[in-house]
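K.L.:
Chain residues, written in single-letter form:
Protein chains: 2
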Amino acid sequence: MGIDPGLTRCGLGVVEGQVGRPLRLVDVNVLRTSADRPVAERLVTIEKGIDAWLDEFAPDAVAVERVFARSDSSTIMGTAQASGIAMVAAARRGIPLALHTPSEVKAAVSGSGRAAKAQVGAMVARILRLEAAPKPADAADALALAITHIWRGGAQSRLEAAVAQHERRIAAAGGAR
Amino acid sequence: MGIDPGLTRCGLGVVEGQVGRPLRLVDVNVLRTSADRPVAERLVTIEKGIDAWLDEFAPDAVAVERVFARSDSSTIMGTAQASGIAMVAAARRGIPLALHTPSEVKAAVSGSGRAAKAQVGAMVARILRLEAAPKPADAADALALAITHIWRGGAQSRLEAAVAQHERRIAAAGGAR
Chain C
1 MGIDPGLTRC GLGVVEGQVG RPLRLVDVNV LRTSADRPVA ERLVTIEKGI
51 DAWLDEFAPD AVAVERVFAR SDSSTIMGTA QASGIAMVAA ARRGIPLALH
101 TPSEVKAAVS GSGRAAKAQV GAMVARILRL EAAPKPADAA DALALAITHI
151 WRGGAQSRLE AAVAQHERRI AAAGGAR
Chain X
1 MGIDPGLTRC GLGVVEGQVG RPLRLVDVNV LRTSADRPVA ERLVTIEKGI
51 DAWLDEFAPD AVAVERVFAR SDSSTIMGTA QASGIAMVAA ARRGIPLALH
101 TPSEVKAAVS GSGRAAKAQV GAMVARILRL EAAPKPADAA DALALAITHI
151 WRGGAQSRLE AAVAQHERRI AAAGGAR
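The listed protein sequences correspond, in order, to chains C and X. Sequence positions in the first sequence follow the numbering used here and run 1 to 177. Sequence positions in the second sequence follow the numbering used here and run 1 to 177.
Keep in mind the hints are simulated off the structure, nothing from the lab. Small disclaimer: the values here were computed from a predicted structure and weren't measured. Heads up, a few of these hints could be off.
Among chain X residues calculated to face chain C with C-beta under 8 angstroms, some are [stated by the list, open to error]:
hint: 1; residue: 44
hint: 2; residue: 67
hint: 3; residue: 76
hint: 4; residue: 80
hint: 5; residue: 82
hint: 6; residue: 83
hint: 7; residue: 87
hint: 8; residue: 88
hint: 9; residue: 90
hint: 10; residue: 127
hint: 11; residue: 130
hint: 12; residue: 133
Some chain C residues flagged as far from chain X (calculated, every beta-carbon gap over 10 angstroms) [stated by the list, open to error]:
hint: 13; residue: 8
hint: 14; residue: 24
hint: 15; residue: 32
hint: 16; residue: 41
hint: 17; residue: 47
hint: 18; residue: 92
hint: 19; residue: 107
hint: 20; residue: 123
Glycine included, each C-beta is placed from N, C-alpha and C at the ideal position.
Whenever a hint applies, use it, and build me the whole structure from the sequences.
P.N.:
Here it is in structure tokens:
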């Protein structure tokens, strides 16, 4: 499941499949919250929407877009807060979590880290054999994150799981001393 | 309860009292998470710590420091994510939530919106009749947020509650038509 975090629009996309096999679109949605509401209430709405999807689809892994500080964006704080909510929703359930940068996602689905939005949407449609690019862009981005995770994120999750297991063993050995 | 959000150190402070009466320190703590751990795990630790305090102290209101995008800070994304977690933790329980800017907090406790960190700590100690300024600064900042909320936030919360109630009435009237 891919999550493109945002306060006004938060994209959710579930893709099924594995490397080397055709991927399948399971579902896609965009959570929307009104700028007229207090930020805390909007974040709770996003949390509920994400929780509902984690319940429904029980994904093997969650991929969230990595957010960077950019002074030129007035929406970056809300995006960062929404990304924190998404990360905690997955981590709280013990679902393996990966963060992918926008460049990594663009490179994975289109071959270029500097691909345009429309190109990403077109590639998502081609990869998932859809008749048109998912709209709005947040929906396409969430699916692109899920595709990216299947194609390149699997190894990262397994590495992190192995590191975590190794650390637990060291901690257990330390406790037994 | 005041929360000074942060990924490495998150200050929590509970203050009891009302405008025009001496305020009392109930408890203060700083949640710490290691930079060696994945961000999602750190955010879950912060969420658990905040939830535990909301359970224990059942505060009448929660005041969180308002976070601004600043390009000069490498920690701003983690701070924004932690603030989102804090806001949702309060909002999920229906606890009135207020955001105060650092300048508002400084002005409330010291009389100057540009007061130094040490001055804020000294004023928090004086207001709560402590022998020394709470350490680290995150602890003092959390208490300063709680004090600020009691002194100036109460009116803001009541205003928001009134607006929300008014909107519910309009919605209910619309539904009855």
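K.L.:
Are the hints correct? Go through all of them and say.
P.N.:
So, going through the hints one by one against the coordinates:
Proximity of residue 44 of chain X to chain C holds as hinted, the smallest CB-CB distance being about 5 angstroms (cut-off 8 angstroms). The restraint placing residue 67 of chain X at the interface with chain C holds, with a minimum CB-CB distance near 6 angstroms, inside the 8 angstroms limit. Hint on residue 76 of chain X holds. Least Cβ distance to chain C is approximately 5 angstroms, under the 8 angstroms limit. Annotation: residue 80 of chain X was flagged as interfacial toward chain C, and the flag holds, the nearest CB pair being 4 angstroms apart, inside 8 angstroms.
Proximity of residue 82 of chain X to chain C holds as hinted, the smallest CB-CB distance being about 7 angstroms (cut-off 8 angstroms). Evaluation of the residue 83 of chain X hint against chain C yields a held restraint, the C-beta minimum of about 6 angstroms falling below 8 angstroms. The closest approach between the C-beta of residue 87 of chain X and any C-beta of chain C is roughly 4 angstroms, which is under the 8 angstroms cut-off, so the hint is satisfied. With a least beta-carbon distance of about 5 angstroms to chain C, the hint placing residue 88 of chain X at the interface is held under the 8 angstroms criterion.
Here the hint on residue 90 of chain X is kept, as its CB sits about 7 angstroms from the closest CB of chain C, short of 8 angstroms. About 27 angstroms separates the beta-carbon of residue 127 of chain X from the nearest beta-carbon of chain C, more than 8 angstroms, and the hint is not met. Because the closest C-beta pair between residue 130 of chain X and chain C is about 30 angstroms apart, greater than 8 angstroms, the hint is violated. Interface restraint check for residue 133 of chain X: the shortest CB-CB distance to chain C comes to about 29 angstroms, outside 8 angstroms, so the restraint is violated.
At roughly 14 angstroms from the closest C-beta of chain X, the C-beta of residue 8 of chain C stays outside 10 angstroms, upholding its exclusion from the interface. Against the 10 angstroms criterion, residue 24 of chain C stays outside the reach of chain X, whose nearest CB is about 27 angstroms from its own CB. For residue 32 of chain C, the shortest C-beta to C-beta distance to chain X comes to about 17 angstroms, beyond the 10 angstroms cut-off, and the non-interface label holds. The Cβ of residue 41 of chain C sits about 6 angstroms from the closest Cβ of chain X, inside the 10 angstroms cut-off, so the non-interface label is violated.
Its closest Cβ contact with chain X, about 6 angstroms, brings residue 47 of chain C to no more than 10 angstroms, contrary to its assignment away from the interface. With a minimum CB-CB distance of about 6 angstroms to chain X, residue 92 of chain C fails to clear the 10 angstroms threshold, and the non-interface call is violated. The Cβ of residue 107 of chain C sits about 22 angstroms from the closest Cβ of chain X, beyond the 10 angstroms cut-off, so the non-interface label holds. Distance check on residue 123 of chain C: its Cβ is at least 28 angstroms (rounded) from any Cβ of chain X, clearing the 10 angstroms threshold; non-interface status holds.
The structure does not agree with the numbered hints 10, 11, 12, 16, 17, 18 stated previously, though it agrees with the rest.
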